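Trainee: Residue strings, one per chain:
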Amino acid sequence: MSDTMESTNAVLGIGKRTYERTIWGLVGIGCLGLLAGILLGEQLIGTATYLVTVWAAVIVAGTLPYVSDTKLADERDERLHNQASGMTIGIAFVAGIGIIPALYVLDAGNYITISATVWGGIYLFSAFGLLYGACYTIINRRS
Amino acid sequence: MENHLTERREEAGLSQGDLAAAVDVTRQTINAIERERYDPSLELAFKLAAFFECHIEELFEPDFDRESASVSELDLTSE
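Residue numbers (the UniProt record's numbering), protein chains in the order written: chain A, 1 to 143; chain B, 1 to 79.
Among the hints, a few may not be true.
[Claimed, not checked] Short, incomplete list of chain B residues facing chain A, as computed with Cβ under 7 Å:
#1 T26
#2 T29
#3 S41
#4 F60
[Unchecked claim] DMTMM-like mimics (lysine to aspartate or glutamate), calculated; alpha carbons at most 25 Å apart, straight line:
#5 A:K16 - A:E75
#6 B:K47 - B:D18
#7 A:K16 - B:D18
#8 A:K16 - A:D77
#9 A:K16 - A:D69
#10 B:K47 - A:E75
#11 B:K47 - B:E2
#12 B:K47 - B:E61
#13 B:K47 - B:D63
#14 B:K47 - A:D107
#15 A:K16 - B:D39
#16 B:K47 - A:E78
#17 A:K16 - B:E10
#18 B:K47 - B:D24
#19 B:K47 - B:E58
#20 A:K16 - B:E34
#21 B:K47 - B:E36
#22 A:K16 - B:D24
#23 B:K47 - B:E34
#24 B:K47 - A:D77
#25 B:K47 - B:E57
#26 B:K47 - B:E7
#27 B:K47 - B:E11
#28 A:K16 - B:E43
#29 B:K47 - B:E10
#30 A:K16 - B:E36
#31 A:K16 - A:E78
[Said to hold, decoys possible] Taking CB as the label site, the calculated pair distances span:
#32 B:T6 - A:P101: 24 to 32 Å
#33 B:M1 - A:A108: 46 to 54 Å
#34 A:I99 - B:F46: 42 to 50 Å
#35 B:A50 - A:L80: 20 to 28 Å
#36 B:D24 - A:Q43: 44 to 52 Å
#37 B:E10 - A:I99: 47 to 55 Å
#38 A:Q83 - B:E7: 26 to 34 Å
#39 B:E11 - A:L32: 46 to 54 Å
#40 A:L80 - B:L42: 12 to 20 Å
Honestly, the hints are just simulated from the structure, not real lab data. Here the structure is a predicted model, which is why all the values come from computation and not from measurement. Glycine included, every Cβ here is placed at the ideal spot set by N, Cα and C.
Using the sequences plus the hints, can you model the full thing?
Mentor: Quick look at the structure:
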């Protein structure tokens, strides 16, 4: 057996689960704060709560892996993230391609009227697709 | 992919956390490999083999049929 092993008994720092719970806990508090702000008519406080906690989560997520003695993310996390992203993209594109052109044609033929909100969703979906295409092109050229 | 990581680790008297720290991954990844729910990257497989000072084939057993993947059976002289 290799002699490069280091015992974890003396390792200080938080574990992976605590790391993930801290991040998602902060995001959850932010979302609840935002929702509470909307419901109570205190939009400014809700927005401030959301921004503070979510950016705290971003800072924790970005800095803890560098300062912790414990490994907090590795190749398996990356693969899980890639698989989840791929599944999300696949579902979104199948649903989008299967619905949006039909909606557009029905609207053009005056069978239905697409509301401004739905148009907003279509534009958002299209922008998302373009962003994915740009990211894919960049990654593909680098690899 | 079948593997003998649990046996090797227990023979060495190590916890999953010890092994994870030694090869620079999380304990959850070692657990997932041992439960055969995650196939490690080639780099991690080499790290594990180097750590236990054995060949990769002694740790991991691929599922595919080795005979069908034999390069010696390829006909390289044809057009």
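Trainee: A separate judgement is required for each hint: does it hold in the structure or not?
Mentor: Each hint, compared with the structure:
1. About 5 Å separates the beta-carbon of T26 (chain B) from the nearest beta-carbon of chain A, less than 7 Å, and the hint is met.
2. Checking T29 (chain B) against chain A: minimum C-beta separation of about 4 Å stays under 7 Å; hint holds.
3. Because the beta carbon of S41 (chain B) sits about 5 Å from the nearest beta carbon in chain A, less than 7 Å, this interface hint is met.
4. The interface hint given for F60 (chain B) is violated, since its Cβ lies 15 Å from the closest Cβ of chain A, which is over the 7 Å cut-off.
5. A C-alpha spacing of about 14 Å is found between K16 (chain A) and E75 (chain A), which places the hinted pair at or below 25 Å, so the restraint holds.
6. Restraint check for K47 (chain B) and D18 (chain B): satisfied, since their Cα atoms lie roughly 14 Å apart, inside the 25 Å limit.
7. A C-alpha spacing of about 15 Å is found between K16 (chain A) and D18 (chain B), which places the hinted pair at or below 25 Å, so the restraint holds.
8. For the given pair, K16 (chain A) sits about 11 Å from D77 (chain A) by alpha-carbon distance, which is consistent with the 25 Å threshold.
9. About 11 Å separates the Cα atoms of K16 (chain A) and D69 (chain A), which keeps this hinted pair within 25 Å; it holds.
10. Distance hint between K47 (chain B) and E75 (chain A) is fulfilled; the C-alpha atoms sit about 13 Å from each other, no more than 25 Å.
11. Annotation: proposed proximity of K47 (chain B) to E2 (chain B) holds, straight-line Cα distance about 17 Å (limit 25 Å).
12. With a CA separation close to 16 Å, the supplied pair K47 (chain B) and E61 (chain B) stays within the 25 Å bound.
13. With a C-alpha separation of about 21 Å, the suggested pair K47 (chain B) and D63 (chain B) falls inside the 25 Å cut-off, and the hint holds.
14. The suggested pairing of K47 (chain B) with D107 (chain A) is violated, with an alpha-carbon distance near 59 Å, which exceeds 25 Å.
15. Taking the CA atoms of K16 (chain A) and D39 (chain B), the gap is about 20 Å. The hint holds against a cut of 25 Å.
16. For the proposed pair K47 (chain B) and E78 (chain A), the alpha carbon gap of about 18 Å is at most 25 Å, so the pair holds.
17. The hinted pair formed by K16 (chain A) and E10 (chain B) meets the criterion: a straight-line CA distance of about 23 Å does not exceed 25 Å.
18. Taken as a hint, the K47 (chain B) and D24 (chain B) pair is honoured in the structure, with Cα atoms around 9 Å apart against an allowance of 25 Å.
19. Of the pairs offered as hints, the one joining K47 (chain B) and E58 (chain B) holds, with about 13 Å between alpha carbons and a cut-off of 25 Å not exceeded.
20. At roughly 18 Å between alpha-carbon atoms, K16 (chain A) and E34 (chain B) fall within 25 Å of each other, so this suggested pair holds.
21. Using a Cα cut-off of 25 Å, the hinted pair K47 (chain B) and E36 (chain B) holds, with the two alpha carbons roughly 18 Å apart.
22. Annotation: proposed proximity of K16 (chain A) to D24 (chain B) holds, straight-line Cα distance about 13 Å (limit 25 Å).
23. A C-alpha spacing of about 15 Å is found between K47 (chain B) and E34 (chain B), which places the hinted pair at or below 25 Å, so the restraint holds.
24. Proposed proximity of K47 (chain B) and D77 (chain A) is supported: the alpha carbons are some 18 Å apart, at most 25 Å.
25. For the hint pairing K47 (chain B) with E57 (chain B), the CA-to-CA distance comes to about 13 Å; that is within 25 Å, so the pair holds.
26. Of the pairs offered as hints, the one joining K47 (chain B) and E7 (chain B) holds, with about 17 Å between alpha carbons and a cut-off of 25 Å not exceeded.
27. Restraint check: the Cα-Cα separation between K47 (chain B) and E11 (chain B) comes to about 18 Å, which is no more than 25 Å; the hinted pair holds.
28. For a cut-off of 25 Å, the pair hint linking K16 (chain A) to E43 (chain B) stands: about 22 Å separates their Cα positions.
29. The straight-line distance between the Cα atoms of K47 (chain B) and E10 (chain B) is roughly 17 Å, inside the 25 Å bound, and the hint therefore holds.
30. Pair hint K16 (chain A) plus E36 (chain B) holds up; C-alpha atoms about 21 Å apart against a cutoff of 25 Å.
31. Taking the CA atoms of K16 (chain A) and E78 (chain A), the gap is near 14 Å; set against the 25 Å cutoff, the hint holds.
32. The given range of 24 to 32 Å is broken by T6 (chain B) and P101 (chain A), whose C-beta atoms sit roughly 52 Å from each other.
33. Against the hinted window of 46 to 54 Å, the Cβ-Cβ separation of M1 (chain B) and A108 (chain A) comes to about 53 Å, which satisfies the hint.
34. Evaluation of the 42 to 50 Å hint for I99 (chain A) and F46 (chain B) yields a pass: the beta carbon distance comes to about 46 Å.
35. At about 25 Å, the beta-carbon gap between A50 (chain B) and L80 (chain A) stays in the expected band of 20 to 28 Å.
36. Separated by about 46 Å at the C-beta atoms, D24 (chain B) and Q43 (chain A) satisfy the suggested range of 44 to 52 Å.
37. Look at E10 (chain B) against I99 (chain A): about 53 Å separates their beta carbons, and that is inside 47 to 55 Å.
38. A hinted range of 26 to 34 Å for the beta carbons of Q83 (chain A) and E7 (chain B) is consistent with their spacing of about 29 Å.
39. Separation of E11 (chain B) from L32 (chain A) is about 49 Å and conforms to the stated range, judged on CB atoms against 46 to 54 Å.
40. Under the hint 12 to 20 Å, the C-beta atoms of L80 (chain A) and L42 (chain B), about 18 Å apart, fit the expected range.
In summary, the numbered hints that this structure violates are 4, 14, 32.
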